[in-house]
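Undergrad: Here the protein sequences come in this chain order: F and W.
When you line the first sequence up against our numbering, it's residues 1 to 208, in that order.
When you line the second sequence up against our numbering, it's residues 1001 to 1318, in that order.
Hint data in this document are derived by calculation from the structure and do not stem from the laboratory.
In this text, all values refer to a predicted model and were calculated from it rather than measured experimentally.
One should not assume that every hint holds.
[Said to hold, decoys possible] Result set (EDC-like, lysine to aspartate or glutamate): computed pairs, CA atoms no more than 20 Å apart in a straight line:
no., chain 1, residue 1, chain 2, residue 2
1, F, 146, F, 111
2, F, 165, W, 1146
3, W, 1156, W, 1277
4, W, 1011, W, 1185
5, F, 136, F, 106
6, W, 1148, F, 128
[Claimed, not checked] To list a few chain W residues with every Cβ distance to chain F over 10 Å, as calculated:
no., residue
7, 1002
8, 1030
9, 1062
10, 1116
11, 1177
12, 1214
13, 1245
14, 1273
The C-beta atom is built at its ideal place from N, Cα and C for all residues, glycine as well.
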Amino acid sequence: MNGRPLAGTIASAARWICGAQVTWRAGFPENRQTIFFANHTSHLDFVVLWASLPRAMREKTRPIAAQDYWETGVRRMLAVEVFNSLLVPRHGGERTREVAAKATIDHIAQEMGDRYSLIIFPEGTRGDGQAVAPFKSGLYYLCLQKPQVQLVPAYLENLNRILPKGEFLPVPFISRVTFGAPEFFDPADSKASFIQRMHRAVCELRAP
Amino acid sequence: MTIAGRLFDQKLVWACGAILVLLIVATTIGLILRTVVKDPASSGAIDNLNARMRSWWVMCLIFGLTLVVGPTGSLVLFGLISFFALREYLSLVATRRADHHTLFWTFFIFTPLQYYLLSIRWLGFFIVIPVYAFLFIPAAMALAGDSKAFLERAAKIQWGLMLCVYCLSYAPALLTLQIPGYAPDAKLLLFLVIVDQLSDVLQYVFGKLLGRHKIAPAISPNKTWEGFLGGTLSAAAIGTAMWWLTPFSIPVAAVISLTITLLGFAGGLVMSAIKRDLGVKDYGTMIGGHGGILDRMDSLIFAAPVFFHIVRFFYGMS
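If we strip away everything but chain W, and leave its shape as in the complex, we get:
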């Protein structure tokens, strides 16, 4: 499909219109809250809400533009996100002087290679990181000759590459799927990102409004049963209502949306556990109000690969 084709794709226009309306409504609520609420105790939360909204506008704009540009746009965008996510992650975990060359390979060879393989639509992208990078990393580290905390260092680098690059790259990989009778193009990626990110937002909103019973206080003090149930179920409902963006029937869209939201929750929990272990609150400061890129991508990292494989298994050609 051409750029013009995407611009005039009715379903795509409807979905983007819905996001725009949502952004305007949420921004208006934020501005009203700022003028109405005088209580200094909650002004911090409201400032944070408004900062988050500003970032949402920028993120939606960039994501929308790259969708319109086409697969290359999305691949470049996710390639950069992977790079910066990996940077946030590896800056926080301890590595040693001897890991320098391995780290150079991780950033400048494996990360671009993964997205290059996607761009030429070679299915080898499934195995390059889990097989070749997985074996290359400890081999290079052993050659560097430092055995202190060897297993720990190798695992940390492998995890970074798997989470920040491999898993995340499944999101733009959706654009390479071939589905009979359906041009996946931008719509499948848009569907995944909308359901996944709305689930995050709604879990936050339900948690703030109704949250009482904590799920895992030692890992994430903000995650409550009320937020989890309200957020995942309502996001799954919205996903179901957007079945027309996808090749799914309505009941299938419901099951898949719920799968996305549950995996997104698991991703958020795992990435929080890593943060607690490292003793930080956020992965970075790149996205105002949200923290780092990884703080925004944690749920997508878990949802994208599983969503991809479900769609490929049940709907893909070959």
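If we strip away everything but chain F, and leave its shape as in the complex, we get:
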């Protein structure tokens, strides 16, 4: 890895602008292959979450971003060149949805290999910062292929107030990033119960 100095600079700036207060509820997780998953309310989410990670983990962590939004121009440069994001399609295109989704999961698992960690927003789209929307099932299918990775939940707070959906001028609120204890995939889990358990893990990190 080339250290990504520009990403480091942008991340520090974003963390400073967003006044991110980072809490590790259960201490730092083990430095191994990890999927960080969080609620999603703002384009700032992945930058701030990435910037909140310890340096050693940051260098191996790639955000997953929607291809349709991040594919062109400056966005692409930021997402792909700077943050080494993994762009995935949100819609199936010509093939049926299931086949396309399966191909996407295969692609992500392949890109992860044994090396890269991921940042995922399983809600699939940005919410309003109030309720955490139900999770999509991509996380479950990914875990079927990568059952050994640790799953670290995170709750992002106030980032939607800094840069809500549809705005491009930020307001400098203080934000909070709270990481929880690692979860693990259990092959005995059904899809629904696993997704619910992950959803609960994120919601439990909300400030009381």
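Starting from the structure of chain F, add chain W where the hints point.
TA: Coordinates of chain W only, in the frame set by chain F:
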């Protein structure tokens, strides 16, 4: 006055020397307490004392440097303090999605404008926030078209701007005062900050040592009559003893110092009431041991405007 002029201003050097001695003595006491007291029950309070002392060194150093640089230095410093105080306050109070543009104006137009007007010494700084921002905020919010808790949201933003920006900006505004036969320069601001902050510290110390009877337990469990009387009176006494920094006679210095300490107390109480209402202990985490910037500035927010107007009314030109 030039930077060199301030560096060799005897009164300024004496006042800064006194602060330095105070810092050294308090830091030494903190370190002695840490080695002497073995009781685990009070070690938390002593760690907090030492954390507070470390922050005091940093705050005094930054404040001192900006004083020496001159009015621009102090304006930049207080401008940043206002910005970060406003950020702490607005992050805690509830706003809605429709307030986004109004909030952008609050942070990036009105806050810098207030300090810009001070820097060009235009007296319009008195009215821009209480008149124009006061009317602009609800108008912009009404245009955004969300009426839910309208009055509450508008008031919260207006209060933030008044407390964190308008009131606080009166402290560096002291540097723009013109007083016949006295160059206010850094000394008047230094006087205000010393009396105000010492009053806070001494109320804390007297409260910890002698505090028995609570003043307003529902608002601030740490404020006691013993701390209030001991702190405000002793800080007023120190202010009186520093009359030579100011254009005041000794009795006037006593009255004005007492006014500063009483207003500072009121500021602390009001800002505590807001914290209780919001359900938080501190406004932030920016200043180690103290909490947020607003936790340190609460008393100055109330003392600065009144001090400014007293001095301007009785001593100012025009």
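Undergrad: Run the structure past the numbered hints and jot down the numbers of the failing ones, going up.
TA: none
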